[in-house]
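Peer 1: Sequence:
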Amino acid sequence: MSNARINIPARTTPPFSRSDLSSLNARHAPPLTRSSAGSINKAAGSQGAEMPRREPPPAAAPAAPAGRAPAGNPHPAPPADIRLPVFQHPLRKGQKTPLDPSGRVRGIKACFGWNIRDGRCDVDASAFLVRDNGRVPGDEWFVFYGQPRSPDGSVELKEPSGGSDRKLITADLGKLSPDIQRIVFVVTIHEALERGLNFSMLKDTYVRLLDAATGEEIMSYCLEEYYQNVTSMTIGELYLHNGQWKFNPVGNGVNRDLAGQCAVYGVVIG
4 MSNARINIPA RTTPPFSRSD LSSLNARHAP PLTRSSAGSI NKAAGSQGAE MPRREPPPAA
64 APAAPAGRAP AGNPHPAPPA DIRLPVFQHP LRKGQKTPLD PSGRVRGIKA CFGWNIRDGR
124 CDVDASAFLV RDNGRVPGDE WFVFYGQPRS PDGSVELKEP SGGSDRKLIT ADLGKLSPDI
184 QRIVFVVTIH EALERGLNFS MLKDTYVRLL DAATGEEIMS YCLEEYYQNV TSMTIGELYL
244 HNGQWKFNPV GNGVNRDLAG QCAVYGVVIG
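Each residue of the sequence shown is one higher than the last, beginning at 4 in the numbering used here.
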């Protein structure tokens, strides 16, 4: 694993783009450290006030992004609910299932959705690509809003084009590095620890896996438990077992922010 330290891009103005971020380890001055930032999502150095990092999803009517309180309003109204898709092949927590026994499916669309009870919640989906030891080969194998593509081009974070989903992560298992044995999907709330936010403020959180070639649902999982002591969630994972890809609807939440999730999988935070 690379010894270079990761610096997660702050949500600044102007926003980061791929051209601005040649690698995940681009340095800030002064560098962001755990002692200088309460979470992975705080700005490095003295950049000033927090700014939105993205536009609201189409379903959200307010001008400010979901989870961002307008000036003078510490409790914004939540955005309009998305209409849940009809789940064709729902799984229960821990119901490990082969992705496709025939081996025909190689391209996957992992579609994520949620609705918000508290308008302060700004939710993200990310993926960790890990070896059989449960650790990333290097920091660049963490796919998130600041680094939307894995080094081998197999996994990519995208904005959905239409429909009810909030986020989309595509996975081409045919292009995946043979080093990678698991793709772990996590859902986190921006600055949950600092702002006293938690998963009891969300509802209807789901992931559904689609065949990228046909658009048909392979399987889906809708979160069953929403606890006040949970600030981030491992919602599911694709894993390789005896040469066959399977999906595990994990549904395990922890009291960690995105930085804490990075620590679990070996992503080094500067």
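There could be a bad hint or two in this list.
Said to hold, decoys possible - Listed next, the in silico DSBU-like pairs over lysine-lysine satisfying Cα-Cα at most 35 Å (straight line):
{"#": "1", "residue 1": "178", "residue 2": "112"}
{"#": "2", "residue 1": "96", "residue 2": "206"}
{"#": "3", "residue 1": "161", "residue 2": "206"}
{"#": "4", "residue 1": "99", "residue 2": "249"}
{"#": "5", "residue 1": "112", "residue 2": "249"}
Said to hold, decoys possible - If you anchor each label on the Cβ, the simulated ranges turn out as follows:
{"#": "6", "residue 1": "88", "residue 2": "120", "range": "31 to 41 Å"}
{"#": "7", "residue 1": "107", "residue 2": "77", "range": "13 to 23 Å"}
{"#": "8", "residue 1": "104", "residue 2": "80", "range": "16 to 26 Å"}
Calculated directly from the structure, the hints in this document are not laboratory data. Ideal Cβ positions, reconstructed from N, Cα and C, are used throughout, including at glycine.
Peer 1: Please list, smallest to largest, the hint numbers that this structure does not respect.
Peer 2: 6, 7, 8
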